[in-house]
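Number of protein chains: 2
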Amino acid sequence: MLYMIGLGFMPEDISVRALRAVRSCARVYLDTYTSIIISYEDMRCLMEDVLQRTDLIQCDRKVVEQDEDSIIADAVQHDVAFLVAGDVFCATTHTNLYLKAIQQKVSVVVMHNASIMTAVSCTGLEMYRFGRTVSIPIFTSTWRPSSFLDYYLENARLNLHTLVLLQMSTKELDMDLYCEKGLERYSNPYYLLPNQAARQILSLVDEYPDTYSQVSTDTIVIVCCRVGTDTQQLESTTLGRCALQTDEYYGKPMYALVLPSPIIMEQERRMLELFTDDISVKNMLKEITR
Amino acid sequence: MLYMIGLGFMPEDISVRALRAVRSCARVYLDTYTSIIISYEDMRCLMEDVLQRTDLIQCDRKVVEQDEDSIIADAVQHDVAFLVAGDVFCATTHTNLYLKAIQQKVSVVVMHNASIMTAVSCTGLEMYRFGRTVSIPIFTSTWRPSSFLDYYLENARLNLHTLVLLQMSTKELDMDLYCEKGLERYSNPYYLLPNQAARQILSLVDEYPDTYSQVSTDTIVIVCCRVGTDTQQLESTTLGRCALQTDEYYGKPMYALVLPSPIIMEQERRMLELFTDDISVKNMLKEITR
Numbered sequence: 001m002l003y004m005i006g007l008g009f010m011p012e013d014i015s016v017r018a019l020r021a022v023r024s025c026a027r028v029y030l031d032t033y034t035s036i037i038i039s040y041e042d043m044r045c046l047m048e049d050v051l052q053r054t055d056l057i058q059c060d061r062k063v064v065e066q067d068e069d070s071i072i073a074d075a076v077q078h079d080v081a082f083l084v085a086g087d088v089f090c091a092t093t094h095t096n097l098y099l100k101a102i103q104q105k106v107s108v109v110v111m112h113n114a115s116i117m118t119a120v121s122c123t124g125l126e127m128y129r130f131g132r133t134v135s136i137p138i139f140t141s142t143w144r145p146s147s148f149l150d151y152y153l154e155n156a157r158l159n160l161h162t163l164v165l166l167q168m169s170t171k172e173l174d175m176d177l178y179c180e181k182g183l184e185r186y187s188n189p190y191y192l193l194p195n196q197a198a199r200q201i202l203s204l205v206d207e208y209p210d211t212y213s214q215v216s217t218d219t220i221v222i223v224c225c226r227v228g229t230d231t232q233q234l235e236s237t238t239l240g241r242c243a244l245q246t247d248e249y250y251g252k253p254m255y256a257l258v259l260p261s262p263i264i265m266e267q268e269r270r271m272l273e274l275f276t277d278d279i280s281v282k283n284m285l286k287e288i289t290r
Numbered sequence: 001m002l003y004m005i006g007l008g009f010m011p012e013d014i015s016v017r018a019l020r021a022v023r024s025c026a027r028v029y030l031d032t033y034t035s036i037i038i039s040y041e042d043m044r045c046l047m048e049d050v051l052q053r054t055d056l057i058q059c060d061r062k063v064v065e066q067d068e069d070s071i072i073a074d075a076v077q078h079d080v081a082f083l084v085a086g087d088v089f090c091a092t093t094h095t096n097l098y099l100k101a102i103q104q105k106v107s108v109v110v111m112h113n114a115s116i117m118t119a120v121s122c123t124g125l126e127m128y129r130f131g132r133t134v135s136i137p138i139f140t141s142t143w144r145p146s147s148f149l150d151y152y153l154e155n156a157r158l159n160l161h162t163l164v165l166l167q168m169s170t171k172e173l174d175m176d177l178y179c180e181k182g183l184e185r186y187s188n189p190y191y192l193l194p195n196q197a198a199r200q201i202l203s204l205v206d207e208y209p210d211t212y213s214q215v216s217t218d219t220i221v222i223v224c225c226r227v228g229t230d231t232q233q234l235e236s237t238t239l240g241r242c243a244l245q246t247d248e249y250y251g252k253p254m255y256a257l258v259l260p261s262p263i264i265m266e267q268e269r270r271m272l273e274l275f276t277d278d279i280s281v282k283n284m285l286k287e288i289t290r
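Protein sequences appear in the order of chains A and B. The first sequence begins at 1 in this note's numbering and counts up one residue at a time. The second sequence begins at 1 in this note's numbering and counts up one residue at a time.
Keep in mind that the hints are not guaranteed to be accurate.
Identical copies carry no separate label here, and so any pair may be met within one copy or between two of them.
Capping the alpha-carbon separation at 25 Å, the derived lysine to aspartate or glutamate pairs in DMTMM-like fashion look like this [what the hints assert, rightly or not]:
# : residue 1 : residue 2
1 : 252       : 60
2 : 100       : 278
3 : 286       : 12
4 : 181       : 154
Calculated from the structure, these hints are not laboratory results. Everything numeric in this text was worked out from a predicted model, so none of it was measured.
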């Protein structure tokens, strides 16, 4: 049996049902590749604290992408748990694990949990008024895709909000070093910060002013930091102001942005107002309230 | 302090963190108005089992909509928990409770949990390819709104999937009896069933053939029953086949439908195929795979 278990945003977000399943499992894996909201150390502490076991197995990229078969081989023999931050199927990698397990006649039980995709409702923006979710990649000098802004414009045209996820780079293998010398050297995890994301957006607006004429330094953005944790912070601001912040300003990961629809509802405005002291932002929110 | 706690789909989906908070609370309310996935009886049993307390307070429509102030008055004095099936802010009612609490200087801690809006990823359809979520109301002889189908067409045009929530009617007060005789008589909860929803959709297609020419008895639909629970069932079928089923066919609530986008990915097809033995449905899935 394979239990695929969503953990939400903190180790203690694990459910009573999931804990009971984990207790019965011979092996317990934690995916630290597709998400790093929940660290190996923190999850191991929770398991020790609540279940008195310390045998949590960390799955980095290599395990998740290449050693899936060994997880499934385990699950043929024993009860095995695979723990994932957020909800279970937010990464297609996990759908792949599910499919492989089913093909090998392993029973799979999925336990869902909180995901940023609905927790973003903590901003007060109505879930029914969100369009497709987009992701901003970390730009390099040669790779600056803009399709996420096109999707945002489509949402805005339909008067829908846009949840903007910010790419992170997990422990990546240095492929050059690996191929040349066979050395496994990994980079530190890296997150696209809200201020950097805002700068990337505004740089695309500079580059394609006609295409993105609707977007400017005055575009309202809700910066969401560490949603669902004890240190959650939300800020209603503008892209221009967000872009001017220092790298330290928004604190530790995780982050997400919301670009609200061109028109917001009265109750949505009352919530968004809670997250700013800036009079001009409050006035801008009033102007877009229906 | 007010703890607003998402419960997910079953009482045991409550998190370790939420349980710890509930343990410290003087009063514990369960919202049985905006959602009835988690029954009062089941939640009370879980609380008795895990926390040895039986003082759970049921909040029906009257309490949630009219007696919010008494919940907040409680929270001014004591630690109070307000439990909600799914995630916390999926109903605007709860945003209202949050706002009122903040206005009265009550600290609020929100604990998120699983919601159908991301758990629908159990179908294998990618979360990034969902557009706005729509709801089908229970049609009456005089009230047959079709805007949800317009939203579906918008999603389909953008090659996005559509999550379709089916309206339920909770314990509604018989207003005639209440106004005339002051008697509080409540109706039983009522759910729009998947087969009824499919019939409603097809009846709109009959009525407005030009507007909805893209929709027909051959439109693929994924019927999702009791997602996230032990008795979850998924079925890949067509609107025509779904409409022909009996009222008993899909078992107990909750239900949701997914109308996949006009084009699906290879991995999505492999998942959707798991949920049908019908060769013609499998062939239709192949035809729409990119």
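Hints violated by the structure (listed by number, smallest first)
Of the numbered hints given earlier, those the structure breaks are 3, 4, listed in rising order.
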